[in-house]
Amino acid sequence: MAMPAGTPVIEARDLTRVYRRPRTSLTRPGEAVHALKGVSLSVARGERYGIVGESGSGKSTLLRLLCGLDRPTSGSIRFAGQEIVGRRDLRFLRNDLQIVFQDPMSSLDPRMRVRDIVAEPLVAQRLPVGTRVAELLDEVGLPAAAAERYPHQFSGGQRQRIAIARALAPAPKVLVADEAVSALDVSVRGQILNLLADLIDAHGLTLVFVSHDLSVVRHVCESVAVMSEGEIVESGAVDEVWAEPKHPYTRTLLRAVPTLEGLL
Amino acid sequence: MKLLSVEGLSVRAGELELVREVSFAIAPGERVGLIGESGSGKSLTALSLMGLLPEGVSASGTAVLGGHRLLGVPEKRLKGLRGRTVSMVFQEPMTALNPLMRVGAQVSEVMTLHGRDRAAARARTLDLLDRVRLPHPAQIARAYPHQLSGGQRQRVMLAIALANEPDLLICDEPTTALDVTVQKQMLELIAEVAPALLFITHDLAVVASMCERVLVMYGGRVVESGPMREVFTRPRHRYTEGLLDASRLTPRGTRLPTIKGSVPSAGAFPEGCVFRNRCPHAGPRCETEPALTGEAHGYACWHPGD
Chain A
1 MAMPAGTPVI EARDLTRVYR RPRTSLTRPG EAVHALKGVS LSVARGERYG
51 IVGESGSGKS TLLRLLCGLD RPTSGSIRFA GQEIVGRRDL RFLRNDLQIV
101 FQDPMSSLDP RMRVRDIVAE PLVAQRLPVG TRVAELLDEV GLPAAAAERY
151 PHQFSGGQRQ RIAIARALAP APKVLVADEA VSALDVSVRG QILNLLADLI
201 DAHGLTLVFV SHDLSVVRHV CESVAVMSEG EIVESGAVDE VWAEPKHPYT
251 RTLLRAVPTL EGLL
Chain B
265 MKLLSVEGLS VRAGELELVR EVSFAIAPGE RVGLIGESGS GKSLTALSLM
315 GLLPEGVSAS GTAVLGGHRL LGVPEKRLKG LRGRTVSMVF QEPMTALNPL
365 MRVGAQVSEV MTLHGRDRAA ARARTLDLLD RVRLPHPAQI ARAYPHQLSG
415 GQRQRVMLAI ALANEPDLLI CDEPTTALDV TVQKQMLELI AEVAPALLFI
465 THDLAVVASM CERVLVMYGG RVVESGPMRE VFTRPRHRYT EGLLDASRLT
515 PRGTRLPTIK GSVPSAGAFP EGCVFRNRCP HAGPRCETEP ALTGEAHGYA
565 CWHPGD
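Note that the protein sequences, when read in sequence, are chains A and B. Position 256 of the first sequence, counting from 1, maps to 256 under this note's numbering, and the rest follow consecutively. Position 51 of the second sequence, counting from 1, maps to 315 under this note's numbering, and the rest follow consecutively.
Certain hints may be false.
As the list claims (entries may be wrong) - Some, not all, of what chain B presents toward chain A, calculated at C-beta under 10 Å:
#, residue
1, LEU412
2, GLY414
3, LYS448
4, LEU507
5, PRO515
Said to hold, decoys possible - Covered, in the sense of this in silico footprint (three residues per stretch, anywhere, with C-beta under 8 Å from a C-beta of chain B), are these stretches of chain A:
#, segment
6, 150-164
7, 186-195
8, 212-226
Unchecked claim - Here are the in silico distance ranges between beta carbons for each label pair:
#, chain 1, residue 1, chain 2, residue 2, range
9, A, PHE92, B, GLN449, 42 to 48 Å
10, A, MET112, B, ALA530, 21 to 27 Å
11, B, ALA530, A, HIS247, 44 to 50 Å
12, A, ARG23, B, PRO521, 50 to 56 Å
13, A, VAL18, B, HIS400, 25 to 31 Å
14, B, SER413, A, VAL18, 18 to 24 Å
15, A, ASP201, B, MET265, 54 to 60 Å
16, B, GLU356, A, LYS37, 29 to 35 Å
17, A, HIS247, B, GLU356, 43 to 49 Å
To be clear, the hints were calculated from the coordinates, so they are not data collected in a lab. Note that the Cβ used here is the ideal one computed from N, Cα and C, for glycine as well.
With the rest of the complex left out, here is chain A (with noise of 0.2 Å):
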């Protein structure tokens, strides 16, 4: 979709959602629990933008949101300059945004072979297969016979390679990665931060990165969001939250991650 240069691929405007606990009492209705409470934010084309914040702060909540998943209570979401929220023919999202989740072990169908997972998001779209499937595999640095296994014959590294080939199928603008590194072993997380750094770059692919840890954030994204209590409490150039951390949540989150540089 053809979109004039600088204008942002996300943009959310005083976005909230209020969930209600089920009912405890007859006469009252369910607690309500504001999980965001009025987030804005606005990812530019091509960006690396990273979501910081731990269990409980809303950014689960508003990855969903962003997505597509779910609907705000209020606010607007717009995509590539078209609003999302209210609207039902979602495809263009769903061709044009993609998402990596966490546990690869449970985002991918253990009774599916890799070829139909892969093949998947092309297939709901009722896209055109051909020979995408040994493409992608190609590309995330599978070998063509893996097509034929199923997901519980790989490792876990292995398995996020075919999460990240079944989101690039549809061709996607933007790349959602929702803590796709943090259940895997050191020595297999930087293969695939290797990994996403490649395709970000050889497509020109927007990024959504979602993540406990703000020096892998570091690493990977340009800017940052910070968010505590369903809000964002501090966002900007990453290098500037993580040198002059200005919110004292930041600022505990930073002294909170024990790191092998600062200990010896």
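With chain A fixed as given, assemble chain B onto it according to the hints.
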């Protein structure tokens, strides 16, 4: 004077050797880290010390903790030691705690099982919950595990582990499932209350913040061991070197150093040096298995780094 000494510990499942000839010792009050990736055999090592190996998996060798043998003794004897002389904190507090029992009862249980009377155990439960810094211990004691947060549950696990004042505390990835700020508090707490500690993790930075000495495991073997600071600043085994390089995040736009390939599945490690199919320095010599050599700082490598 050693608190725990392990000699030639091997763990096998039928024909498959999962842990091979592991030897180490822990002095009273010492904090030792056991590092390795998933599939390296570190959890099996810990479980064999606790006598908690799954069915069909057996341990051989000797392990002596404060005069008590831990391997090859009847379950009845182990029952007397487990939870009293040695106890363990597991990775996932949601699965380690009983969802149908109030947490206070779970803390008391470990004391009544080891002969304390009910009233004394109940009173001590509140002290223990307070000691692991849970607010309002009386309220927490009446809660069920699902009503607590991950960090709170892990504190309850720690209270259970400490209930009988054990000589050795084993922690298996106790903070991996926790948020970083909660992890920090938990680590500080463990460091404060642990008598002697065997701390299992794949996170090198966490080990560096907790332990004086480290053992590096790969392919079921200890490939390097020594004082933490020395091993981390001057690793000799190429696997340790690779792990340390991979743990350091380089500036944006640069390639991250990696170890090629991935950890083989059990039984698929190469003969000779277990790391040779991933090692950039491997040569013909590595087809023979290197022994763990060196005194305080040992390594099992034919071409050590320096």
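Checked hints:
1. With a least beta-carbon distance of about 14 Å to chain A, the hint placing LEU412 of chain B at the interface is violated under the 10 Å criterion.
2. Restraint check, GLY414 of chain B versus chain A: the minimum CB separation of about 8 Å is within 10 Å; hint holds.
3. Because the smallest distance between the Cβ of LYS448 of chain B and any Cβ of chain A comes to about 4 Å, under 10 Å, the interface hint for this residue holds.
4. About 6 Å separates the beta-carbon of LEU507 of chain B from the nearest beta-carbon of chain A, less than 10 Å, and the hint is met.
5. Against a cut-off of 10 Å between C-beta atoms, the interface hint on PRO515 of chain B holds, since the closest Cβ of chain A lies about 7 Å away.
6. Coverage of the segment 150-164 of chain A by chain B holds [criterion: at least 3 residues with CB-CB distance below 8 Å; count 4].
7. By the rule of at least three residues with a Cβ nearer than 8 Å to a Cβ of chain B, the coverage given for the segment 186-195 of chain A holds, with 8 such residues.
8. As drawn, the segment 212-226 of chain A meets chain B at 9 residues by the rule of a beta-carbon pair under 8 Å; at three or more, the given contact holds.
9. About 45 Å separates the C-beta atoms of PHE92 of chain A and GLN449 of chain B, a value consistent with the hinted range of 42 to 48 Å.
10. With their beta carbons about 26 Å apart, MET112 of chain A and ALA530 of chain B fall inside the hinted range of 21 to 27 Å.
11. Between ALA530 of chain B and HIS247 of chain A the Cβ separation comes to about 46 Å, which falls inside the hinted range of 44 to 50 Å.
12. Checked against the given bound of 50 to 56 Å, the beta carbons of ARG23 of chain A and PRO521 of chain B, roughly 54 Å apart, stay inside it.
13. Between VAL18 of chain A and HIS400 of chain B, the C-beta spacing of about 29 Å keeps the proposed range 25 to 31 Å intact.
14. With their beta carbons about 21 Å apart, SER413 of chain B and VAL18 of chain A fall inside the hinted range of 18 to 24 Å.
15. Range check, ASP201 of chain A to MET265 of chain B: Cβ separation about 58 Å, and the 54 to 60 Å hint holds.
16. Taking the beta carbon of each, GLU356 of chain B and LYS37 of chain A are about 31 Å apart, inside 29 to 35 Å as hinted.
17. Taking the beta carbon of each, HIS247 of chain A and GLU356 of chain B are about 32 Å apart, not inside 43 to 49 Å as hinted.
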